[in-house]
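Let the hints inform the model, and build the full structure from the sequences given.
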Amino acid sequence: MSSRIVTVASSAGLHARPATLISQAAANAGVPVTIGRPGQDAVDASSVLLLMTLGVGHGEDVEVTVDGDDAVLDSIVDLVATDLDAEDAS
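The sequence shown begins at 1 in full-length UniProt numbering and counts up by one.
One thing to keep in mind: the hints can contain errors.
As the list claims (entries may be wrong) - Label pairs and their in silico Cβ distance ranges:
(1) A12 with A71: 24 to 30 angstroms
(2) S11 with T53: 17 to 23 angstroms
(3) A12 with D78: 14 to 20 angstroms
(4) S11 with G68: 28 to 34 angstroms
(5) D85 with L49: 17 to 23 angstroms
(6) A27 with D83: 26 to 32 angstroms
(7) D83 with I5: 25 to 31 angstroms
(8) S47 with A12: 17 to 23 angstroms
Treat the hints as calculated values from the structure; they're not laboratory data. We put the beta carbon where it would ideally sit given N, CA and C, even for glycine.
And the structure:
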């Protein structure tokens with residue numbers, strides 16, 4: 001199990017668009033992925049609703065944990081560290 005702390009770059013935090021993109025990536029990862037505030041309970045990152053209920057805003061740190069592949073950890077961390085609310089983000 002690997003984890004990393006990353007700062008949320010999306011201007012609206014983990015709201016609809018960023019949560020949707022992150023949850024899709026987590027669901028397609030094929031391994032368990034969780035996200036939560038450091039030191040607090042984490043949620044299943046493949047659930048848009050659970051990600052949004054974290055209430056994490058722009059500039060806050062989250063801990064991404066992946067049970068398995070470090071490439072998956074890198075890809076999810078990259079998504080969280082990207083402003084997914086920007087027009088050119090995908």
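Status of each hint after checking the structure:
no. : hint                             : in the structure
1   : A12 with A71: 24 to 30 angstroms : holds, 27 angstroms
2   : S11 with T53: 17 to 23 angstroms : holds, 19 angstroms
3   : A12 with D78: 14 to 20 angstroms : holds, 18 angstroms
4   : S11 with G68: 28 to 34 angstroms : holds, 31 angstroms
5   : D85 with L49: 17 to 23 angstroms : holds, 19 angstroms
6   : A27 with D83: 26 to 32 angstroms : violated, 22 angstroms
7   : D83 with I5: 25 to 31 angstroms  : violated, 18 angstroms
8   : S47 with A12: 17 to 23 angstroms : holds, 18 angstroms
This entry does not satisfy hints 6 and 7, going by the numbered hints stated previously.
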